[in-house]
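Input sequences plus hints: build the corresponding full structure.
Now for the letters of each chain:
There are 2 protein chains.
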Amino acid sequence: MERNSMKTIGMAILLLSSCCWAQNTDSFVPASTNVPGAEYPRVDSGSRAQFRVKAPDATKVKLNFWSGPKLDMEKQADGFWTVTTPPLPPGLRYYTLIIDGAEVSDPSSYAFYGGSKDASMIEIPESGATYYSAQQVPHGQVREVWYHSSVTGDWRHALVYTPPGYDEQAKMRYPVLYLQHGGGEDETGWIRQGHANFILDNLIASKAAKPMIIVMSNGNARRAGYTPPNLAGKPFGSPEMMKAMQEMSQAFEDDMTQVLIPFIDSNFRTISDRDHRAMAGLSMGGMQTFQVTFDRLDLFSYIGGFSGAGGMSMMRGDQTFDTKTAFNGALADPAAFAKRVHLLWIGVGTEEPAMMHAGIAKLHTSLDEAKVAHIFYESPGTAHEWQTWRRDLKDFAPRLFQ
Amino acid sequence: MERNSMKTIGMAILLLSSCCWAQNTDSFVPASTNVPGAEYPRVDSGSRAQFRVKAPDATKVKLNFWSGPKLDMEKQADGFWTVTTPPLPPGLRYYTLIIDGAEVSDPSSYAFYGGSKDASMIEIPESGATYYSAQQVPHGQVREVWYHSSVTGDWRHALVYTPPGYDEQAKMRYPVLYLQHGGGEDETGWIRQGHANFILDNLIASKAAKPMIIVMSNGNARRAGYTPPNLAGKPFGSPEMMKAMQEMSQAFEDDMTQVLIPFIDSNFRTISDRDHRAMAGLSMGGMQTFQVTFDRLDLFSYIGGFSGAGGMSMMRGDQTFDTKTAFNGALADPAAFAKRVHLLWIGVGTEEPAMMHAGIAKLHTSLDEAKVAHIFYESPGTAHEWQTWRRDLKDFAPRLFQ
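Chains as they are written, first to last, in this note's numbering: chain A, 1 to 402; chain B, 1001 to 1402.
I should point out that these hints are in silico values taken from the structure, not numbers from a laboratory.
Hints are supplied without guarantee of correctness; some may be wrong.
Derived list of chain A stretches under chain B, where covered just means 3 residues or more per stretch with a C-beta under 8 Å from a C-beta of chain B [claimed, not checked]:
1) 34–48
2) 51–64
3) 98–108
4) 135–141
Even glycine gets a Cβ: it sits at the ideal position worked out from N, Cα and C.
Here's what the structure looks like:
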């Protein structure tokens, strides 16, 4: 018993030790996405990554990049399984391990909410890219706030970036960007995965972007009392799914416009007019952005769609987009639109799935043909992934509130 | 390709669907620690829990509570493994799954940083206990801040709770509680696991506690340039380990007193004298608290040790504690101590490991015998776990700054 107590107390108190003893012996270094002390996964200067997991009794272990290679790991004599990848594109990549058929997180990685669960990611550094890491510049704060929503009937959690100096400049008021995550992710994505706070810290320090507040809320909204349909067996795009999507989108819009925006405007020193309010989002968040902003041009004057502009029809490769009728006719008069909307920004990675890329490229050419002022940004060599969206934000934010 | 693109886009955008369709058919309900949409693990009114994981090709799957039962799961025909636990004590419990020898997180649970990794936890509700959940009261904010430390040589991340009304009461200044996590955990523990913000929201709303700022920093500190020793093979409590512990503790103390406190005092509206500064911590954080506060009684006047008061000697069951010489003699004159230190608070759960309980109980009786004013709190029926520390904070916080 003494020995066991000792062990328990030792475990409980001294797990701290794992923070400090890890050392490396070759050119591979632990990934920045690892928990402290974890030597694997690790990355070398050629963007190859090595993974290692203990599974002494398993018969098959696979490394499963959600977008990327699926690799068999090799069992070593010590019960660990290892694999070295080919060079990987830079950026932050979701992965799981498949251990005898069980898809699980890598115990060596921090967890990131994506794919509707806390999953593993590995950061592959992009050579020379410092814009999304903590530099020697003033840092803003990221604030967790809770607001009670009459739309969803529960306490909702949001993150709010306040720029450097917000507390010191007690009389200053700031414009606001509402910035939404994608499907399967949540309000933490733009900070944990995207490093939106460091991107803005760096842009503000170099005076490339105006100091602004960024609000990140949970795009997965369900109206109080709503019972969702059972979609099991229904195909993607089925009428039942579209109706459920629409219901969720409308609940999100109502929560945002009726509860969240008033909450932010009364709890932060915002400039609360449409000229100082922007909205952008990625993927699902991009679709939500187009829905909310075009429904409520009285509230917004800057619009950004990152790999998710337009609506469901475009996502499905529909080529019938018509600037005369789309978005309740808001684009029909390009001169009036340019006066009313200070920025319409759409972006896509060159390596995104073909229909996604085609849909957004089509929106761009349709806007061009109709002479609707907008920015079209293609992220070279990146897919439907966070490296695309970090670049999007870096291009988008400096165009706001100028 | 079209079909695959469709599938990819569908996956990417419509993972949202998993947020909304889960439904239950019996008296078990999904645990509050689950990711949205996950039906398992689930808990019934008798505090039994059911777990379920897909591992079609595994030969053995175990449910592994770190403190609690280790249970074999049973394979079902559909490739899922399931188990129902006996009734579990209320509170938040760490667990992992062991799948053919691989210790991994449950994909259905949110990840919580503990045991030096992102692990799974399940919340077993305590009947009638509302003090640590979000109630219909004003909520404070939890702010992420980054500060550059000349002691550790890097950017450090801390969380700061600001009480309800902090931004509105622009002239008001607040006392500060520095609140530390335990070994293997980090600065997120008191919010994610402990719900310290909701505990304070509720105490402040009922006027049981004064509005205060709470600062939670990372207790795992390493001095810039320090190379830790290789402790492989060294026994618990070895001179090498004690020296490494001491080095880490001193780096933490220096970071806290030389960098963090000045940073907080210059970035938040604190009352920056010792009468309005408290420190408490759990387990390793309790030991750090006693070290830092007794070294620096010029900075602190409220002291709390949650399952980790005293020093390493007590943790090891050493019975030689002497109030005349301990803590640099600070307790030698009880009257002078009571004047100088407004609160000395120690707590322990009745079900903690025997030596932990004995060490803290011994500290209590020694203080009693020497007539050193202090509070001793025993949490009934709880062990070295978060339910103990939530109760500790609920008892401790109302005694501060009165």
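Verification of the supplied hints:
Counting residues of the stretch 34–48 of chain A whose C-beta lies closer than 8 Å to any C-beta of chain B gives 4; at least three are required, and the coverage claim holds. Judged by the Cβ-Cβ criterion of 8 Å, the stretch 51–64 of chain A is covered by chain B as claimed, because 9 of its residues qualify and three suffice. Only when three residues or more bring their CB closer than 8 Å to a CB of chain B does the claim for the stretch 98–108 of chain A stand; here the count is 9, and the claim holds. Counting residues of the stretch 135–141 of chain A whose beta carbon lies closer than 8 Å to any beta carbon of chain B gives 3, which meets the minimum of three for the stated coverage.
In this structure, none of the earlier numbered hints is contradicted; all agree with it.
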